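Number of protein chains: 2
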Amino acid sequence: MTGSREVFAGKVINVRVDDIALSGGRTATREVVEYPGAVVVIALSGAGEVTLVRQWRHAIGQLLLEFPAGGLEPGEDPSVSAQRELREEAGLEAASWTRLGHFFSSPGFANEILHVFLAEDLTTVEADPDEDEDLQVVRYRLSDLYEHPEKLEDAKSLAALLLLRAARPGVDTGR
Amino acid sequence: MTGSREVFAGKVINVRVDDIALSGGRTATREVVEYPGAVVVIALSGAGEVTLVRQWRHAIGQLLLEFPAGGLEPGEDPSVSAQRELREEAGLEAASWTRLGHFFSSPGFANEILHVFLAEDLTTVEADPDEDEDLQVVRYRLSDLYEHPEKLEDAKSLAALLLLRAARPGVDTGR
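Taken in order, these protein sequences are the chains called A and B. All residue numbers for the first sequence refer to my numbering, where the first residue is 357 and numbers rise by one. All residue numbers for the second sequence refer to my numbering, where the first residue is 357 and numbers rise by one.
Rather than coming from a laboratory, the hints here were simulated on the basis of the structure. These numbers come from a predicted model, not from an experiment. Even for Gly, the Cβ is constructed at its ideal location relative to N, Cα and C. Treat each hint with caution, since some may be false.
[Unchecked claim] Once the Cα atoms are required to be at most 20 Å apart in a straight line, the calculated DMTMM-like pairs of lysine to aspartate or glutamate come out as:
id, chain 1, residue 1, chain 2, residue 2
1, B, Lys367, A, Glu503
2, B, Lys507, B, Asp528
3, B, Lys367, A, Glu390
4, A, Lys367, B, Asp375
[Stated by the list, open to error] Pulled from the structure, derived: some chain A residues nowhere near chain B, Cβ distances all over 12 Å:
id, residue
5, Glu405
6, Glu432
7, Asp433
8, Pro434
9, Arg443
10, Phe465
11, Asp477
12, Leu478
13, Thr479
14, Arg495
15, Tyr496
16, Glu509
The shape of chain A in the complex, shown without the other chains:
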């Protein structure tokens, strides 16, 4: 990298433009959206149901059905964020946690990394969403989502389902 300048510092994202050297002596710029990373939680009940949240997403101008998710606080371990988001958004605590993996949401222009967790042995607690979040908590049969993934127009939720199935073969059919 031969140069870098911040072009926007926001509440949620920062944006910078980097000058980079390519092979063959060429140069180019890269616009990078900085985001602190996030977690996604699949909360699976013993009856084969998962908890999702439906919320208005201003950036895309529509309601979206997603697994509970949220950004990491500075320096926070993802497993702590996962417990917090599940409690705040879905009103659930889990006695059993499994880390399913990670992925990048938009590697072409953003540095956001998402850590995926499976939460089981669930207990209901009081939900406490962020004050500017309007969330509707809904439950689906997990097998229904594998059969009809078009219900989820959200890359992180779809990708999380794929990681879950690889970790738990047969989970998609309720076996």
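Keeping the supplied structure of chain A fixed, place chain B upon it in accordance with the hints.
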């Protein structure tokens, strides 16, 4: 929306900050990254292999293995973009195209929508990547990726695999 201002106009992304009204009379701001939308292509051979590209992703500072993908040109139909990206990045043309669905990559802060295509009946042509792309084309058995999705740290590629499996039950095991 009660107000909106552009804070960055780049070559690839634009960023704006919107003022929005929440329920209960509260207000908040939303930072939105504008991106023109993109396509993802799973090119599947008759032998059960898929074509991926490995490339350095500056935003995340590492090499990433992804299905061929790319942004829509202004006004371009996604199916046209898909054919172009497959030809340019992977050096392939396909006689059979199936639309598998769509999803949003980062609905919390970006408006990017990704359209997913399955390309079959493949013919090799000359690749012609964008001049500032350094791509390595690699082939994997599709069943290997379903078994080891951790090889793909890319949300769009993982989500695309989930859509493919719902559209083509059994494709993940080579049946």
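Now the hints, each set against the structure:
| no. | hint | in the structure |
| --- | --- | --- |
| 1 | B:Lys367 to A:Glu503 | violated (39 Å) |
| 2 | B:Lys507 to B:Asp528 | holds (15 Å) |
| 3 | B:Lys367 to A:Glu390 | holds (17 Å) |
| 4 | A:Lys367 to B:Asp375 | holds (13 Å) |
| 5 | Glu405 | holds (19 Å) |
| 6 | Glu432 | holds (17 Å) |
| 7 | Asp433 | holds (19 Å) |
| 8 | Pro434 | holds (15 Å) |
| 9 | Arg443 | holds (19 Å) |
| 10 | Phe465 | violated (6 Å) |
| 11 | Asp477 | holds (25 Å) |
| 12 | Leu478 | holds (23 Å) |
| 13 | Thr479 | holds (27 Å) |
| 14 | Arg495 | holds (20 Å) |
| 15 | Tyr496 | holds (14 Å) |
| 16 | Glu509 | violated (5 Å) |
Checked against the numbered hints above, the structure violates hints 1, 10, 16; every other hint is satisfied.
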